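Take a look at the letters that make up each chain.
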Amino acid sequence: MTKTHVTTTINGEVTEFLCEPGATLLAVLRNELQLTGTKEGCGTGDCGACSVTLNGRLVCSCLVLGVEAEGAEIGTVEGIGGIDKLHIIQEKFLEHAALQCGICTPGLIVSTKALLAENPEPTEKEARYYLAGNLCRCTGYDKIIRAVMDSAEAMRGDA
Amino acid sequence: MVSVVYEAPASVQDAVALLSGAEITATVLAGGTDLIIQMQGLVNESRLLVDLKKIPAMMEATLDAEGLQLGPCMSCAELTSREDIKSVYPGLIEAAYLIGSTQIQGRASVGGNLCNSSPAADTVPALIVNNAQCVIVGPSGERSIQVEDFATGVGQNCLEKGELLSLIRIPLPAANTSDAYLRFIPRTEMDIAVAGAAVSITLDDDGICTAARVSIGAVAPTVLVVAKAAEVLLGTKVDVQALQAVAEAASKASSPITDRRGTDEYRRHVVGVLAKRAAAIAAERVRGIQS
Chain A
966 MTKTHVTTTI
976 NGEVTEFLCE
986 PGATLLAVLR
996 NELQLTGTKE
1006 GCGTGDCGAC
1016 SVTLNGRLVC
1026 SCLVLGVEAE
1036 GAEIGTVEGI
1046 GGIDKLHIIQ
1056 EKFLEHAALQ
1066 CGICTPGLIV
1076 STKALLAENP
1086 EPTEKEARYY
1096 LAGNLCRCTG
1106 YDKIIRAVMD
1116 SAEAMRGDA
Chain B
2 MVSVVYEAPA
12 SVQDAVALLS
22 GAEITATVLA
32 GGTDLIIQMQ
42 GLVNESRLLV
52 DLKKIPAMME
62 ATLDAEGLQL
72 GPCMSCAELT
82 SREDIKSVYP
92 GLIEAAYLIG
102 STQIQGRASV
112 GGNLCNSSPA
122 ADTVPALIVN
132 NAQCVIVGPS
142 GERSIQVEDF
152 ATGVGQNCLE
162 KGELLSLIRI
172 PLPAANTSDA
182 YLRFIPRTEM
192 DIAVAGAAVS
202 ITLDDDGICT
212 AARVSIGAVA
222 PTVLVVAKAA
232 EVLLGTKVDV
242 QALQAVAEAA
252 SKASSPITDR
262 RGTDEYRRHV
272 VGVLAKRAAA
282 IAAERVRGIQ
292 S
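Keeping their order, the protein sequence lines are chains A and B. In case it helps, my numbering puts the first sequence at residues 966 to 1124. In case it helps, my numbering puts the second sequence at residues 2 to 292.
Any given hint could be a false lead.
Stated by the list, open to error - BS3-like cross-link-like pairs, simulated, lysine-lysine; straight-line CA separation at most 27 Å: (1) Lys968/A / Lys253/B; (2) Lys253/B / Lys238/B; (3) Lys162/B / Lys54/B; (4) Lys1090/A / Lys1108/A; (5) Lys229/B / Lys253/B; (6) Lys87/B / Lys1090/A; (7) Lys238/B / Lys87/B; (8) Lys55/B / Lys162/B; (9) Lys55/B / Lys968/A.
Claimed, not checked - Residues of chain B clear of chain A, computed beta-carbon distances all greater than 10 Å: (10) Tyr7; (11) Leu30; (12) Ile38; (13) Arg48; (14) Lys54; (15) Ala58; (16) Glu61; (17) Thr63; (18) Ile86; (19) Gly107; (20) Asn132; (21) Gly142; (22) Gly154; (23) Cys159; (24) Lys238; (25) Gly289.
Think of the hints as simulated: they come from the structure by calculation, not from any bench. In this text the structure is predicted, and so the values were computed from the model without any measurement. All residues carry an ideal CB built from backbone N, CA and C; glycine is no exception.
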């Protein structure tokens, strides 16, 4: 099958790739670009493990085609902090032990960053509704929400 | 896996030409939240996907003296962030806000919700009570149809080969009018309606209902308009008795199915309760405008 050439921006860097027109952005990120921080959970838009931002909007990358990334700005977990310097949200997830198996964590970090960009001072209820599309089968969410609320406070303090 | 040919035309005319000239099955791609999942089930098939999101008019919404001109592909996340639209059509915005998760709303659109033609589509009852119209463009030109006449069955609609939904036109509500949408799901968040109801109400200066529209979803093969439920509100102050009559009319008009998410009897009862409560909320919103 003929592959399509796509030029996009991922985490601020202009990136080019070839992909089959039916391939999802999730498949492209993981298999073509080796950006394996974005996880595949359900593949049907229910679990949020593959959350990325597309032109600033939080989306499931399993429900976006790779070819739709042409000319777009994509944000993945690889663009948030790094091994040398973690982002506040990542530090807070560690501090509060807001993960166990870790599969949902990249999606939750991306979603939390999007939440706090839109709403720097969410109530717990707002945070829980915003993150309802990120499923975690280990923690029971309590520690995640504590980490999110603490991140919000710490990030407001930084500003 | 399905073999995909992807096109992202820059104009509606180009999109119509692609759709009408296609030799393989051609489908419009809007937010993809239904379509991409549906395609996962296909084997050895070829599909032409015509992505409409590069056409600026499909992604914009303009609110003026005429009403709302809604680009069918605008994401629900963008639509629900528009305070100007929310202040005029609160029920429509609360319906868009109920679709899926934050991630789904980042892609899903009102036009996609309509064209997927599920009877449980949350925005459709809210569009109907606001007298919304679909503008359809095809090889033989443009035509308009009321939203309640758009879907013809479960997953089926009146679009012919080569046609696409190019605009959703929603008239400005009359003075002292407001709307509301409620749905029932077994969970707190992220589910598909077991029953849904939208109501639009107009009150005069004495609080008497002078016009109303009631629409119910997920309780018949298509979203229904319940004229009887609107009639019983006329001339009343939207009091307890009138609301009870709304509930009875909505329940009576429904013809739901039984599945693991609810029996037909349960759905028939719940849709009445939702219609009654949505009517009360819409009336309260009008009183808020008046005071």
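So, going through the hints one by one against the coordinates:
1. Lys968/A / Lys253/B: violated, 54 Å
2. Lys253/B / Lys238/B: holds, 23 Å
3. Lys162/B / Lys54/B: holds, 20 Å
4. Lys1090/A / Lys1108/A: Within the cut-off at roughly 15 Å; holds.
5. Lys229/B / Lys253/B: holds, 10 Å
6. Lys87/B / Lys1090/A: holds, 21 Å
7. Lys238/B / Lys87/B: Between Lys238/B and Lys87/B the Cα gap is close to 25 Å, so the pair holds against 27 Å.
8. Lys55/B / Lys162/B: Holds - the C-alpha atoms of Lys162/B and Lys55/B are around 21 Å apart, at most 27 Å.
9. Lys55/B / Lys968/A: holds, 20 Å
10. Tyr7: With a cut-off of 10 Å, Tyr7/B comes too close to chain A, as the shortest Cβ separation is near 4 Å.
11. Leu30: Not fine: 8 Å to the nearest Cβ puts Leu30/B too close to chain A.
12. Ile38: Ile38/B is in fact no farther than 10 Å from some Cβ atom of chain A, at 5 Å.
13. Arg48: Its Cβ does come within 10 Å of chain A, the nearest being 8 Å, so this is violated.
14. Lys54: The claim breaks: Lys54/B does not keep its Cβ more than 10 Å from every Cβ of chain A (closest is about 8 Å).
15. Ala58: holds, 18 Å
16. Glu61: holds, 15 Å
17. Thr63: holds, 20 Å
18. Ile86: holds, 17 Å
19. Gly107: Violated, because the least Cβ-Cβ distance between Gly107/B and chain A comes to about 4 Å, which does not exceed 10 Å.
20. Asn132: Per Cβ check, Asn132/B is outside 10 Å of chain A; nearest 30 Å; holds.
21. Gly142: holds, 29 Å
22. Gly154: Fine: 24 Å to the nearest Cβ keeps Gly154/B off the interface.
23. Cys159: holds, 26 Å
24. Lys238: holds, 34 Å
25. Gly289: holds, 23 Å
Hint violations for this structure: numbers 1, 10, 11, 12, 13, 14, 19, all remaining hints satisfied.
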